[in-house]
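As they're listed, the protein sequences go chains A and B.
Each residue of the first sequence is one higher than the one before, counting from 444 in this note's numbering.
Each residue of the second sequence is one higher than the one before, counting from 444 in this note's numbering.
I should point out that these hints are in silico values taken from the structure, not numbers from a laboratory.
For each residue, glycine too, the CB sits at the ideal point set by N, CA and C.
Just to be clear, a hint being listed does not mean it is correct.
[Unchecked claim] Where chain B lies over chain A, by a calculated footprint (3+ residues, C-beta under 8 Å):
| hint | segment |
| --- | --- |
| 1 | 507-521 |
| 2 | 527-533 |
| 3 | 571-578 |
2 protein chains.
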Amino acid sequence: MGHALCAALCDRGAVVQGYGRMPEDEKFRDPRVVWSNAVFSDLSALARAVEGQEIVFHLLSSSIPESSNRDPAEDLFANVFPTVKLLDLCRTGDVRKIVFASSGGTVYGIPATIPTPESAPTEPTSAYGINKLAIEKYLALYHRLHGLDYHVLRIANPYGPGQSPFKKQGVVASILYRALSGRALEIWGTGDVTRDFIHVDDVSQAFLDAVRYDGEHRIMNVGSGRGRTINDIVADVQDVLGMPSVEIVRKPARAADVPVSVLDTALIMRTTAWRPRVAWLDGLRNTAAWVRSTYEL
Amino acid sequence: MGHALCAALCDRGAVVQGYGRMPEDEKFRDPRVVWSNAVFSDLSALARAVEGQEIVFHLLSSSIPESSNRDPAEDLFANVFPTVKLLDLCRTGDVRKIVFASSGGTVYGIPATIPTPESAPTEPTSAYGINKLAIEKYLALYHRLHGLDYHVLRIANPYGPGQSPFKKQGVVASILYRALSGRALEIWGTGDVTRDFIHVDDVSQAFLDAVRYDGEHRIMNVGSGRGRTINDIVADVQDVLGMPSVEIVRKPARAADVPVSVLDTALIMRTTAWRPRVAWLDGLRNTAAWVRSTYEL
């Protein structure tokens, strides 16, 4: 998401300072972005990166939901603590607004309502989700105390070009890569786990729109509003690639998974011009093309 | 609250290990309590204190709402981080249940509903409130992940014997002390700020009841359910002490104050035998007696 956003910003003429884990592989680096390759907790590097910036997009996280539960104290220290320090830097510096990538799939926990609106209870089942939620509350606090403007995007499951097929997050890229490279497809649990997939280009657009938004709603879901199961993805990937007889391997369910996560996107659609523009099968096709060209399949 | 709870536990035959800031003045120390006089962040001292314990009551905080906003990052580090470490100690040790003193006056923020039920939105206006809320979420997480039993009491404004008249928290003790010592009474703001005052003996009883409670509701408001303004307290103190003509000084309102905080206590009253037993004027009288005897007025 970060790299897609950087590219979208550069395309529009912004001067972009990146901060965090720089892509190891040179082919993923955008030469237009000045990059600080530092860990979040390096507060002096963070201060240098924030200096003179007008808008801060905060997408940095050291963990994913599953890994965050192994050591919640460390996860808190690595993510929430430096975020509050970042807010201190923003409020004392020239930053006009901070836009935060929260997590529509984890802040609600096991949702009582599907699709889930922003007003639903927030009962995270992972340290990752608790951290995202706590950061939302600190943003509201700094706005109240110091007038620092902010916007929170509770983003559904992003997919699209740039998503690594080799990490535990990113089921779409993983399934595409395995299918395209002739490997068996892996399904965690029964395959009925349901997620709301949103194309990374739509996510980038939501970040850009958030900068200009000045209404009263500061927390917005960003998703397709539609649920798809892992079994759906496998079937659609087979269709799109024209590979009807791919081998499927079933693996154990993951502990941090909530069974269903689909976001209610009525608020962002009612109050802004943002819409999900990339149709699902088109998104699968352009992600497949990116996987194919990137990994020389 | 901690010292009253220790006394109530000792009265019932419990072996009590205290941890945190020991009272500086010897007259406030209970000889029945073994005390570890350590800061929360001293994790090896914390480990020694938790070892072999069956029930942990967590009432420790390094700040009050107002002071917490001066340095939210430090407040997070001093309170939430060691709490998560404490949960790690509890789950790997013999601890059966942890009972947490959350804050009915700060987790909700500016309440949309008065009196405020547990299901109300939680939008704290202080780092203190954010910390309390985050800790509630970590308790739920550790229960889910590791089966550590817990109970959260969202406590209203406690008052009663033992409350220092000299701190920024504790308006009842402060007003009583000033009246009894012939000083002018201080009112912050217009005096219309409304709070839900609950006697410390009732709070102790709620902690004791929480140990035995094994129903499905893990977060409960603890309060009188009735709002009283600062002006009400001043009038009632004048009545109880028989001092109709005390001088009153008005001071500026405090930034972290929410205008009204009154808790809806229907849940705890419906699901447990707990009731507020100490009538307000009786509570004022026994607090006055304690202030008089303690400070030799």
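A quick look at each hint next to the structure:
1. 507-521: holds (count 5)
2. 527-533: Three-residue rule met by the segment 527-533 of chain A, so holds; n is 4.
3. 571-578: With 3 residues close enough to chain B, the hint holds.
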